[in-house]
Every structure is written in structure tokens, then in C-alpha cells.
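Protein chains in written order, with this note's numbering: chain A, 6 to 335; chain B, 7 to 346.
In case anyone wonders, no lab produced these hints; they're calculated from the structure.
Note that beta-carbon positions come from the ideal geometry of N, C-alpha and C, so glycine has one too.
Be aware that a few hints might be false.
Stated by the list, open to error - To be clear about the criterion: a stretch of chain B counts as covered by chain A if any three or more of its residues have a C-beta under 8 Å from a C-beta of chain A, and this derived list gives those stretches:
1. 226-233
2. 261-271
3. 274-287
As the list claims (entries may be wrong) - To give a feel for the contact side, a few chain B residues facing chain A, derived at Cβ under 8 Å:
4. E52
5. S53
6. S58
7. I67
8. Q68
9. E164
10. S166
11. G167
12. A201
13. H223
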Amino acid sequence: MPHLLEAISLKRLFPVKKDGQTRQLHAVDGIDFHIAPGETVGLVGESGCGKSTLVRLLTRTLDPSDGQVRFRNRDIGLVRSRAMALHPQRKDIQMVFQDPTDSLNPRYTARQTIAESVRLLCGLRGAEAAARVEEAAGWVGLPLALLDRYPHQLSGGQKARVGIARAIVSRPALLVLDEPTAALDVSVQTVILQLLERLKQELQMSFLFVSHDLNVVRLLCDRVLVMYLGRVVEAGPTDAVFHTPAHPYTRALIASLPGGLAGGQASAADLLVGGDPQSPIDPDPNRCHLLGRCPRGLARCGEVGPQLEDIGGGRQVACHYPAVVQHVRQ
Amino acid sequence: MNMPSNTLLEVDRLAVEFRTRGGTVRALENVSLALAEGETVGLVGESGSGKSVLSFAAMGIQDAAARITAGAIRFAGQDLLAKKGAAMKALRGREMAMIFQNPRVALNPIRQVGRQIEDVLARHTDLLPAARRARAIECLAEVRIPDPERRYAAYPFELSGGMCQRVMIAIALACKPRLLIADEPTTGLDVTTQAAIMRLVRELSAERRMATLLITHDLGMAREYCDRIAVMHAGHIVEVGPTEALFAAPRHPYTERLIAATPVGAASLAELAAIDGNLPDLRRNDLPACRFAERCPRRGAECERPLALAPADGASATHLIACHRPLTAAATEARHAAFA
Numbered sequence: 006m007p008h009l010l011e012a013i014s015l016k017r018l019f020p021v022k023k024d025g026q027t028r029q030l031h032a033v034d035g036i037d038f039h040i041a042p043g044e045t046v047g048l049v050g051e052s053g054c055g056k057s058t059l060v061r062l063l064t065r066t067l068d069p070s071d072g073q074v075r076f077r078n079r080d081i082g083l084v085r086s087r088a089m090a091l092h093p094q095r096k097d098i099q100m101v102f103q104d105p106t107d108s109l110n111p112r113y114t115a116r117q118t119i120a121e122s123v124r125l126l127c128g129l130r131g132a133e134a135a136a137r138v139e140e141a142a143g144w145v146g147l148p149l150a151l152l153d154r155y156p157h158q159l160s161g162g163q164k165a166r167v168g169i170a171r172a173i174v175s176r177p178a179l180l181v182l183d184e185p186t187a188a189l190d191v192s193v194q195t196v197i198l199q200l201l202e203r204l205k206q207e208l209q210m211s212f213l214f215v216s217h218d219l220n221v222v223r224l225l226c227d228r229v230l231v232m233y234l235g236r237v238v239e240a241g242p243t244d245a246v247f248h249t250p251a252h253p254y255t256r257a258l259i260a261s262l263p264g265g266l267a268g269g270q271a272s273a274a275d276l277l278v279g280g281d282p283q284s285p286i287d288p289d290p291n292r293c294h295l296l297g298r299c300p301r302g303l304a305r306c307g308e309v310g311p312q313l314e315d316i317g318g319g320r321q322v323a324c325h326y327p328a329v330v331q332h333v334r335q
Numbered sequence: 007m008n009m010p011s012n013t014l015l016e017v018d019r020l021a022v023e024f025r026t027r028g029g030t031v032r033a034l035e036n037v038s039l040a041l042a043e044g045e046t047v048g049l050v051g052e053s054g055s056g057k058s059v060l061s062f063a064a065m066g067i068q069d070a071a072a073r074i075t076a077g078a079i080r081f082a083g084q085d086l087l088a089k090k091g092a093a094m095k096a097l098r099g100r101e102m103a104m105i106f107q108n109p110r111v112a113l114n115p116i117r118q119v120g121r122q123i124e125d126v127l128a129r130h131t132d133l134l135p136a137a138r139r140a141r142a143i144e145c146l147a148e149v150r151i152p153d154p155e156r157r158y159a160a161y162p163f164e165l166s167g168g169m170c171q172r173v174m175i176a177i178a179l180a181c182k183p184r185l186l187i188a189d190e191p192t193t194g195l196d197v198t199t200q201a202a203i204m205r206l207v208r209e210l211s212a213e214r215r216m217a218t219l220l221i222t223h224d225l226g227m228a229r230e231y232c233d234r235i236a237v238m239h240a241g242h243i244v245e246v247g248p249t250e251a252l253f254a255a256p257r258h259p260y261t262e263r264l265i266a267a268t269p270v271g272a273a274s275l276a277e278l279a280a281i282d283g284n285l286p287d288l289r290r291n292d293l294p295a296c297r298f299a300e301r302c303p304r305r306g307a308e309c310e311r312p313l314a315l316a317p318a319d320g321a322s323a324t325h326l327i328a329c330h331r332p333l334t335a336a337a338t339e340a341r342h343a344a345f346a
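Just chain A, same shape as in the assembly:
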């Protein structure tokens, strides 16, 4: 199956001044991955690991320093982010933002917010546009009576629905969701997650789901990518990665889940040692980024930077000493 979206050696560096010299902060440091049509891919990692930069590169609101973003086999990384707004492919990649309150214009009603997308992305006006707005409201289960309300007159769950309706009204092939439920209560989160799952089926979209709630990723995603300091350290089918995490960082993430999956079997040997990650400024390419926090950390980890390698079962891991994975499931 051809990939819908593919990142090839994608990089983004930001110059920073330190002690009078300009150095490079490696926010996204050579990432390769792909999303198949209809697939839901979860992206997890701690804050500051480059998740948001990667999302901005893929949604083309930020230009890559190096590498390619291929969408339907065309390198859209070459389109300048400023020109992307007018690019015909803009409507095919849409985004749902983290905070439903901050990401809505407070002076637009729900109808105006959704209609703006219809006008700019689909080029529709008048009755045709109005019909599209109401159709999108129907998809997300937003009562038509609420369409003429302003964000402050809507509840958190209703605002989340408006944000989703705005993103899917152009019927994108890929929907990027950046922590779409982080600001919501559990009871509302459930409704929104089930709504997303249904929409994915009905509209046949692919999702890139960014979250640091591993429990949500586990339930919603087919595959998961684990990022650490600008790189993908582990990728694979969600069930397999959660049951037999191979990379020490993934193991630590899962062992740290309160009352969750590990539930009691979390062993101290899985937890990270030390406090903060290494600096992302000019990291040594010949050294594993996790070294210093890794419970294993052997001599070779300080000499050769591990690359993402296939370990079978559709899984990849970037570690010299991954945990042994048995392919008994599936």
C-alpha cells in the first residue's frame, strides 16, 4: 500500500546563541516514518522532545532544515510554509489543536469558525457553504442550535467538537490531533475519543495522534511512535509495543504509568535514573541520547549512536541492547 504521508530523514534545527557562539538546537533530528491510508498513528514522548516541531513540519507550518515530507508521493516539504496556506493540498492535512478554548476565535460564532474553513479551503460560498457547515456539525454531533454561539457560551466538550468540525469540514485525508483531550474532563474525554474513532471510520481519514496520555494512545492507535530528544527511539504496533516494550525509554514510560498497564509489575530496574534529558543543543551523534538516564547504559552506547533498526513484527527500535521481544502475540 502506498504511504499517505512519509517523513524521510526529516530535520529541523534552530540556531541558539550560547556564550557568544551560535549553536544548533536539534529539535527534530533525522526522523523517518510513514502513515498508511486509514491508519491511526500515536506519537508519544516527553515535553521538549520535539513532538510539536515534528507536527508543525508535517502540517507544513514550519520549514524543514533537511529531509523530505512526502504526501501522496510528492515532496510537500519543498513548499514554503507561507505558501502552504494557498496550496491545493492544504485542505488534505488538517489539525485539531490542544486547547479548545485558545484555538477558537472568541469573536467568531461556531458557524463562522467552521464557515471560514469551508470558504478558504473548499472555495465554497452561499447556500452550498452553509450546507457544508451544517453537515460537519452533524458529523461531530453539535446541535445546530449551538452553531450561532460564541466560544464562551459553549462547554469544553462542545468547543472540542467545534475544533474538530473545523478541521474535518474540508474532508482531509490526514488529521493531526495535538493532545485533543488534554484539557477535558475524563467524562467528556470519553465522548470525544469515541467520536474520533467513529469519524475515522466514516470519513476514512488517517490520524496522527499526539499525546502524552499513554492510556489514550493505547486505546485509539494502531501504531505508536516513541520520540526522545528529537528522534524516534521505538515504533511498532501499539499492542506489541505496550506489552513488550523494547527500548529502555519506552519501558520506563510504561512502568511509570500509574495504576495502569504495568499495574504492579513495574520493576525499579525499568525506571530511568537521574533527572533531566541531555541538552538538545549540538548533541554528540556518536552517543546514545538516553545515556546517563538509561538503566543499562554500557560502553558502546557512548561510542556509537544507535540507529532505528527492524526487529521483526513491524517493529523498530534504536537501541544497542533492546529488551528481548518474543513474537508470540498476533
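Since chain A is already given, all that's left is putting chain B on it; use the hints.
For chain B alone, kept in the frame of chain A given last:
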């Protein structure tokens, strides 16, 4: 209620109202909760249920619009509501301390973090400046901040979110308080940092017999770190009990719905069940005795009658609920066994 002799904080039938232009918000009503020394109690519920109002009232830092209209708050036998400003200031920071939700907002952005710890020490101890500095560095080390001498001089913007959170915990713990109120101490932090911070709080409460009130809407975290859990809904405590009993056999329909909506431990998305409806508008004059009644699948005629926390049938005396039509222990246990 009979309290064990080592009760540290006792909130007794507390009612808090806010007068607003839109009417009086009855934010807390008849809320009773006690914390013993060395105990960690979780306070869970949806946003707007009154968790923060309760903790702010206990600390005596409630909003100017808030009025305590009934009830009492006692700390180590002293009546906190009778204390004037200066007397409360002497307690806050020394005997009782609070960790706030957002460390970047709660810290002073233009003061070195070490200095912010020294401020607390200057207010509450007789230490001389040099000793204060040494103690501040010690505090930073206690919360496992690497290289504390250097971090002493850092400003909040130079530290990561997890580090700022640790600084705030260091400030709260500087005077070795007997009570710590932690309001969503790990929201926005990654699971690895979250686990490190919660383990630290747990160690400290074990070492010093510190009582902790952990406010969270993460049921997984409450389950992992709390001895007891109190569930709040729309300004009422609807259920309180030992953590394991409450998760194994929730008796209040709201607690049961809340657990069913949590992705922790669920096998599939379809298995999660949302809670119908929203919190009632607390400005209404006709609020029902049970504020959950309008959302409750088990509602009946008796739900109109006045309600108070009472021991659940067939449960231990420490497992209390406020419900006329509770779930039976057998029914919920069977359901949860199916999940396990």
C-alpha cells in the same frame, strides 16, 4: 463523627458560597473530610466540582468573593476559621503548605529559585542568612534537583517544567509542614517525571508523618498514591473510602460512572462509558438534595429527600456514601471482576 485521635485536619460540614452578579454560587455544601497524620487522601472529581475551593478554604486563601457560610475547619485542634490574618500567616508555609497547579505561574519569575526558598525560611525560622542559603540548597537537594548549588541561582524560566515543580515542592516542604495540599501537582508533566515527583512526596510523607491531600482528576494516580479517596461532585462529597475498597466496589453511582469513563485499565475504547449530562448550575435556587440526581441512571422518588454521608451497607465503617439508592457491593464487584 468520631475521629481517631491523630486527626490533623478536619473539615466539618463546610459550606462556601460565591456571590456573583449572576447569583449566589453554592460551591461547597455540607463537606466533611478528615486527614490523619501520615495519611495521603485523594480528592477527585470533574472540574468545577469544588476540589480547589475546598483546599483554598483549608489554607485560608480563598477568593475575596467567597464566603464561608457554615461549618468549621480544624487543624491540630485549632479552629482555623477563628484565626485572623496574622495567625494564619504564621501557620501557612510552616505547618501547612500547598503545591499549586502550574509551577510557572506560581513561582516568582524574576527571583532566583533559591531566594524563593529563603523567603519562606526568613519568614518562619530564626536562621541567619548564611544558614538560610545552606538550608535552601539542602531543600533543592531533597527534591532531587541535580547540582543544587548551581540551580540555587537559576530563574524559573531557565528550568524545565519538572524542575520548576520540584522547586515548588521544595518551597512547600522547606519548613517541614505537617500538612501538604497538592493541587494537581503533576498536570502537564510527563509520566516519568510525574512518577519521580509522586515517589518523592510519598517518601517524605512516610519519613515525616506528613499528611497529604492530593487533588487530581487522574483516577489512576489517585489509586496508585492514596490511602483513601474522596469523590466530589458539584460541591458535595458523594463517596469517601479506602482506595482499594472504593475501586473494587464503588457504591455511589457517580463514582462508578467516573471509574467507567477512565481509560486506565480499559481494554478498548468501546468499553469506556461517558457520564451523561453536566454538573448542575450551582447558582440555581432549586438545586436538588442530591446534585447528581439529574444525571443519575438510578434516580428514584426518594432522591428528593435530604442526604448525608453515611456508612455504606455491607462495607467497613470508613466507607461512606451520600446516596439513597446506592449500588450493592456484590453488583459492582462482579462488574469489576469482569474487567480484571
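Going through the hints against the structure:
1. 226-233: Check passed, 5 qualifying residues.
2. 261-271: holds (count 7)
3. 274-287: Coverage by chain A holds here, the residue count being 8 at a Cβ distance below 8 Å.
4. E52: Cβ of B:E52 sits 5 Å from chain A, so the hint holds.
5. S53: Holds, about 6 Å.
6. S58: Cβ of B:S58 sits 14 Å from chain A, so the hint is violated.
7. I67: violated (24 Å)
8. Q68: Because about 23 Å separates B:Q68 from the closest Cβ in chain A, which is outside the 8 Å limit, the hint is violated.
9. E164: violated (12 Å)
10. S166: At about 6 Å, which falls below the 8 Å cut-off, the nearest Cβ of chain A leaves the hint on B:S166 intact, so it holds.
11. G167: holds (6 Å)
12. A201: With Cβ-Cβ at 4 Å, under 8 Å, it holds.
13. H223: Result: holds, 6 Å to nearest chain A Cβ.
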